[in-house]
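> Residue numbers (full-length UniProt numbering), protein chains in the order written: chain G, 1 to 219; chain R, 1 to 233.
Warning: the hint list may mix true and false statements.
[Unchecked claim] List of simulated lysine-lysine pairs, DSSO-like, C-alpha gap at most 27 Å: (1) R:Lys89 with G:Lys71; (2) R:Lys134 with G:Lys71; (3) R:Lys43 with R:Lys186; (4) R:Lys134 with R:Lys161; (5) G:Lys148 with G:Lys78; (6) R:Lys161 with R:Lys75; (7) G:Lys124 with R:Lys223; (8) G:Lys121 with R:Lys74.
Keep in mind the hints are simulated off the structure, nothing from the lab.
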Amino acid sequence: MALSREQVAMRVAQELQDGYYVNLGIGIPTLVANYVPKGIEVMLQSENGLLGMGPYPTEAELDADMINAGKETVTAIKGAAIFSSAESFAMIRGGHVDLTVLGAFEVDQNGNIASWMIPGKLVKGMGGAMDLVAGAQNIVVTMTHADKYGNSKLLESCSLPLTGVGCVKKIVTDLAVLEVRNGAFHLLERAPGITVEEIQQKTAGKLVVDGEIPEMVFN
Amino acid sequence: MAGFNKVVHSYEDAMAGLQDGMTVIAGGFGLCGIPEGLIAQIKKMGTTDLTVVSNNCGVDGFGLGILLEDRQIKKMVASYVGENALFEKQLLSGELEVELTPQGTLAEKMRAGGAGIPAFFTATGYGTPVAEGKETREINGRNYVLEPAITGDFAIVRAWKADRYGNLVFRHTSMNFNPMAATAGKITVAEVEEIVEPGELEPSQIHTPGIYVQRVIKGNFEKRIERRMVQQG
């Protein structure tokens with residue numbers, strides 16, 4: 001079975017390490033915050049200027065001056081820091097954020113990512129995505145392996161305008177976990193019940209399958 | 001506005017000198033930390049052909065979105081737009097020009113503009129449509145794009161507290177783009193929640209030193225919330 005959105009988030013959460021500074025994009029990446037493994041501490045960075053993002057506020061805590069990068073009201077945890085947008089992107093661009101998780105329309109075997117613009121459709125903007133992919137030490141992309149028509153989103157070469165070049169390290173899809181290196185997708189894990197053949201069939205770019213591919217394990 | 005007393009008492013005085021065709025840099029992220037009253041004053045003045053530099057362009061009927069109603073904005077420089085139907089309409093009809101700029105690059109362009117740095121190299125946007133037509137350079141094995149700084153005829157910002165010297169303190173995440181915007185205006189106007197006596201702001205806790213600020217006005221803010229999220233319990 002293909003993974004649900006929550007299961008993709010649960011699998012991405014296994015990438016978190018104790019002491020990590022993490023930026024989570026909008027959508028599935030946001031859900032990752034719900035599955036931080038027990039016993040480890042991570043600090044969530046929100047690019048509008050908050051390090052140490054907490055959960056949504058209660059009615060009593062609600063404050064218009066306290067939002068996240070998705071413009072949602074949030075709280076700050078104890079030990080949080082608040083700063084300007086320039087400071088925020090100095091952290092991001094300067095490589096101080098350990099892990100960025102974001103969605104994409106397409107990725108390719110050279111680690112290029114397209115996530116902000118579909119020609120012919122209204123372009124709303126890249127927000128902070130280009131800065132994040134250019135700056136983070138480690139980038140994990142979450143996406144469905146193929147679109148609703150079955151067309152692969154893991155390509156030899158992205159067809160849409162890029163967000164960044166050669167930056168994607170790891171991809172967690174509804175079917176698989178893959179690593180991008182040396183100009184190919186390397187299959188690391190399969191979703192429970194998904195065959196290597198199905199993943200091969202839905203991966204348009206170069207796919208390396210080395211030995212026995214284990215199923216993902218969820219606790 | 002004698003000497004170091006930068007406090008003005010009307011929005012007319014706050015935005016005096018704004019003319020057609022000028023560039024206005026505005027602080028704020030979404031609707032958070034926007035100078036609501038100064039934007040309303042620009043609408044009232046009817047100034048047109050403005051280039052507005054801001055991370056976003058408000059929503060229909062609020063924030064910078066109200067400047068679209070009478071087509072006062074000629075060009076918008078922003079990282080993310082289209083939270084408003086009117087924006088989309090004017091963009092598609094060609095009445096409005098948009099320069100989409102990565103968020104971190106936009107913040108740094110303002111910072112550089114205020115700090116006297118004419119341009120800077122950044123890896124952000126290399127190999128993407130953002131880099132088209134711009135100088136690129138390989139430095140230590142990585143490719144970078146040359147991005148020019150931004151300055152404005154006016155900068156309009158929202159702060160929490162100010163004194164008559166123009167020293168500013170921002171509240172929570174309403175800080176966002178405001179400190180950089182404040183440095184990059186020839187005339188920087190701060191609309192604030194509270195004006196305090198000199199000395200009440202702890203010198204080492206001031207976010208924007210008064211040297212960057214020409215005018216201060218006490219505002220009244222609606223502080224509209226764009227995406228209201230609460231947890232039960």
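> Taking the earlier hints as the rules, which of them does this structure contradict?
2, 4, 5, 6
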